[in-house]
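**Student:** Fit chain B with the ligands to the given chain A structure using the hints.
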Amino acid sequence: MENEGVVLSREGFAALLRALREDGYRLVGPTVRDGAIVYDTIGGIADLPEGWTEVQERGRYRLERRTDRALFGFAVGPESFKRSFFAPTVSLWRARRKDGSFVVLDRAAEMPRVALIGARACDLHAIAIQDRVLLEGPAVDPSYAARRRGAFVVALNCGTAGGTCFCVSMGTGPKAASGFDLALTELFDGEDHRFLVQVASPEGAAILARVPHGEAQKTDLEAAERVVQNTASQMGRSLDTTGIKELLYRNLDHPRWDDVADRCLACANCTLVCPTCFCSTVEDVTDLDGEHAERVQRWDSCFTLDHSYVHGGSVRPSTKSRYRQWLTHKLASWIDQFGTSGCVGCGRCVTWCPVGIDITEEVAAIRSTEKG
Amino acid sequence: MTARTDPWSPTPTRILRVRRETRDTFTVELEGQNRAFEPGQFNMLYLFGIGEVPVSISGDPGNPDVLVHTIRAVGTTTLAMKRQAKRGSALGVRGPFGSAWPVRAAEGDDLLIMAGGLGLAPLRPVMYHALRHRQRFGRVTLLYGARSPEDLLFRSEHGRWARKDCVVEVTVDRAGPNWVGRVGVVPALVDVTPLDPARTTAMLCGPEVMMRFSVRTLEARGLAHERIFVSMERSMKCAVGFCGHCQFGPTFVCKDGPVLRLDRIARLFGKREI
Ligand SMILES: Cc1cc2nc3c(=O)[nH]c(=O)nc-3n(C[C@H](O)[C@H](O)[C@H](O)COP(=O)(O)OP(=O)(O)OC[C@H]3O[C@@H](n4cnc5c(N)ncnc54)[C@H](O)[C@@H]3O)c2cc1C
Ligand code: SF4
Ligand code: SF4
Chain A
1 MENEGVVLSR
11 EGFAALLRAL
21 REDGYRLVGP
31 TVRDGAIVYD
41 TIGGIADLPE
51 GWTEVQERGR
61 YRLERRTDRA
71 LFGFAVGPES
81 FKRSFFAPTV
91 SLWRARRKDG
101 SFVVLDRAAE
111 MPRVALIGAR
121 ACDLHAIAIQ
131 DRVLLEGPAV
141 DPSYAARRRG
151 AFVVALNCGT
161 AGGTCFCVSM
171 GTGPKAASGF
181 DLALTELFDG
191 EDHRFLVQVA
201 SPEGAAILAR
211 VPHGEAQKTD
221 LEAAERVVQN
231 TASQMGRSLD
241 TTGIKELLYR
251 NLDHPRWDDV
261 ADRCLACANC
271 TLVCPTCFCS
281 TVEDVTDLDG
291 EHAERVQRWD
301 SCFTLDHSYV
311 HGGSVRPSTK
321 SRYRQWLTHK
331 LASWIDQFGT
341 SGCVGCGRCV
351 TWCPVGIDIT
361 EEVAAIRSTE
371 KG
Chain B
1001 MTARTDPWSP
1011 TPTRILRVRR
1021 ETRDTFTVEL
1031 EGQNRAFEPG
1041 QFNMLYLFGI
1051 GEVPVSISGD
1061 PGNPDVLVHT
1071 IRAVGTTTLA
1081 MKRQAKRGSA
1091 LGVRGPFGSA
1101 WPVRAAEGDD
1111 LLIMAGGLGL
1121 APLRPVMYHA
1131 LRHRQRFGRV
1141 TLLYGARSPE
1151 DLLFRSEHGR
1161 WARKDCVVEV
1171 TVDRAGPNWV
1181 GRVGVVPALV
1191 DVTPLDPART
1201 TAMLCGPEVM
1211 MRFSVRTLEA
1221 RGLAHERIFV
1231 SMERSMKCAV
1241 GFCGHCQFGP
1251 TFVCKDGPVL
1261 RLDRIARLFG
1271 KREI
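Protein chains in written order, with my numbering: chain A, 1 to 372; chain B, 1001 to 1274.
Next comes chain A alone, as it looks inside the complex:
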């Protein structure tokens, strides 16, 4: 295995993507669509958002041109890699009536392997968090496992912080620490555009060996270090996490929940864009003759009334209780459940909230006005 010290030219990076495709991977990476940078299937570097960046603020997102030809010169778009493994809609099983009973039909579980291109540190933490929920608990989710298995990860150390990012506060970025095969830092030296590559797995080393690359110089390593340091210093937001679990547990009756409930539309956007949110619901359907049945799983959100519905009504009928559930789950009860925060500081919920509710500001407000 090679250590930290390989450099890829732009052409070398293009060759790396080609090599991954040759090995049968479906490449999933950033691309521009409908005015945003989203993650989708890509063919190669031509599909990447070259020369684009974005301006993010609470409730605002706008693409802008960069002055350089950076391929990863933006922060994070509305979508994380969540949908690659935890799909928005999954057919869990199908069944057929038989002799007054039924038989469950086996479903094909083989999925094409995916290679994530340009996964940020926050998103890698989010994947590790979803692994804990769907792979590492008492039960394993077969559909998640089938998609997740054998995935190849090309991480990208962020060169730009978004206006709503706060990964430094959450201890999750901007430099990728684990969960990847290769980690790239995009470097510019005048017109010279290249990537410093950190190799973290035998699979990563093997594929890198097949594409033209060079030895990294000390100056490359230093330049890459400056890139992440610079990004870390640009965080658009911060969140004081000191004793945050206890803070929120103590303040379930804080008046701030009424205040935020007046603004929140319960639209569920925040949960859909969040890379760690894992709630789902199921729907049982039959075909017209009633002989075949199917169960379909879909993303769900704790902002819907149905989410907590039991016979007689919802456990959380008010928007206040649903916002409180969401925020206290993310930042407090998640720690008790899974040993980490449920928030990786990606800022998506802040950017994509139509009314600009900011999780960092809500916590700060509770902290600063706590009674006693």
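Careful: at least some of the hints might be erroneous.
Listed next, the in silico EDC-like pairs over lysine to aspartate or glutamate satisfying Cα-Cα at most 16 Å (straight line) [unchecked claim]: (1) B:Lys1255 to A:Asp336; (2) A:Lys371 to A:Asp289; (3) B:Lys1255 to B:Glu1038; (4) A:Lys320 to A:Asp259; (5) B:Lys1086 to A:Asp99; (6) A:Lys98 to A:Glu291; (7) B:Lys1255 to A:Glu136; (8) A:Lys320 to B:Glu1273; (9) B:Lys1271 to A:Asp253; (10) B:Lys1082 to B:Asp1024; (11) A:Lys320 to A:Asp253; (12) A:Lys320 to A:Glu246; (13) A:Lys320 to A:Asp258; (14) A:Lys98 to A:Asp289; (15) B:Lys1082 to B:Glu1021.
Stretches of chain A that chain B covers, calculated by requiring three or more beta carbons in the stretch to come under 8 Å of a beta carbon on chain B [what the hints assert, rightly or not]: (16) 50-61; (17) 202-212; (18) 283-295.
If you're looking for bench data, these hints aren't it; they were derived computationally from the structure. Positions of the beta carbon are idealized from the N, C-alpha and C atoms, including for glycine.
**Tutor:** Same frame as chain A, but now just chain B with the ligands:
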């Protein structure tokens, strides 16, 4: 991925018998298929093409030949089950899931079993267990309430339980002139029950208001939260901790519960809209 390792996949299971309990409640006996369970656990029951719902196991843990569920028809799935479940047809079963009543830890103790309405269903396995191993326990008391005499579950068994050295106190919210028993709420029955706080384990299941008031009366009698167990009900779609619906603070009711020791949830118990 085979059906057996897939936690989402239901096992088709034949119905041996369906018994009417009350006007809206019925009991389904399914082939046991040697599924062992602990008192307090539940299964996910699937009616072909209609839906799947969590239902406690209400049968005898000592008899693995039948899997017994007592169901109240209240909505889409349970009403259709009431119409369609017949001997010879089948339901899908996933489970058993969840935590159990502490029947082993409570050996040597007095058992105080408090049930409201359908809450008796998940507690009936405790009655069966305690009466089978009667000498392992001190006093065994069942305090049970329902809306009306017609809503009382398992009435024919109450006498049998009482004859096996168990105190059975029954109350109803309201009754016609033919009812000679008690009228009132379950928590009030605690007042007419001897209770030694040093050696009593209380097990509660019923509507949350009933459990809340019962806890208050038990606290007033000096029973520590460590000795009180409640069974919670929340929406659940998966029963294995994936779907997120059943969260009660940090607790996943499906896998950490449904039976929970009160001191572990006391911070949130009785709080609204958690
Ligand atoms: C651990 C546990 C044990 C239970 N044990 C029993 C039992 O022994 N006997 C019994 O009759 N009922 C029991 N219930 C309640 C039973 O699951 C609901 O009555 C049932 O889900 C209602 O579904 P429905 O489609 O008929 O009603 P609808 O009102 O049409 O429900 C629509 C959906 O809401 C959800 N839902 C509605 N009510 C409940 C509820 N009370 N709890 C959880 N989800 C609900 C379900 O997902 C259901 O599919 C238990 C619930 C839980 C959580
Ligand atoms: S809560 Fe908001 S900032 Fe945190 S991980 Fe989810 S979307 Fe990102
Ligand atoms: S916080 Fe914002 S994004 Fe989330 S549900 Fe409320 S209005 Fe929608």
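**Student:** State for each hint whether it applies.
**Tutor:** We went through each hint and held it up to the structure:
1. B:Lys1255 to A:Asp336: holds, 14 Å
2. A:Lys371 to A:Asp289: violated, 62 Å
3. B:Lys1255 to B:Glu1038: Given pair B:Lys1255, B:Glu1038 holds - Cα atoms ~14 Å apart, limit 16 Å.
4. A:Lys320 to A:Asp259: Status holds; Cα separation ~9 Å.
5. B:Lys1086 to A:Asp99: holds, 13 Å
6. A:Lys98 to A:Glu291: holds, 9 Å
7. B:Lys1255 to A:Glu136: OK: B:Lys1255 and A:Glu136 at ~14 Å, within 16 Å.
8. A:Lys320 to B:Glu1273: holds, 9 Å
9. B:Lys1271 to A:Asp253: holds, 10 Å
10. B:Lys1082 to B:Asp1024: holds, 8 Å
11. A:Lys320 to A:Asp253: holds, 10 Å
12. A:Lys320 to A:Glu246: violated, 20 Å
13. A:Lys320 to A:Asp258: Distance of about 6 Å is within 16 Å: holds.
14. A:Lys98 to A:Asp289: Measuring from Cα to Cα gives roughly 14 Å; hence the hint holds.
15. B:Lys1082 to B:Glu1021: Roughly 11 Å separates the two Cα atoms, so the pair holds.
16. 50-61: Result for this restraint: violated, n = 0.
17. 202-212: violated (count 0)
18. 283-295: It holds, with 6 qualifying residues against the three required.
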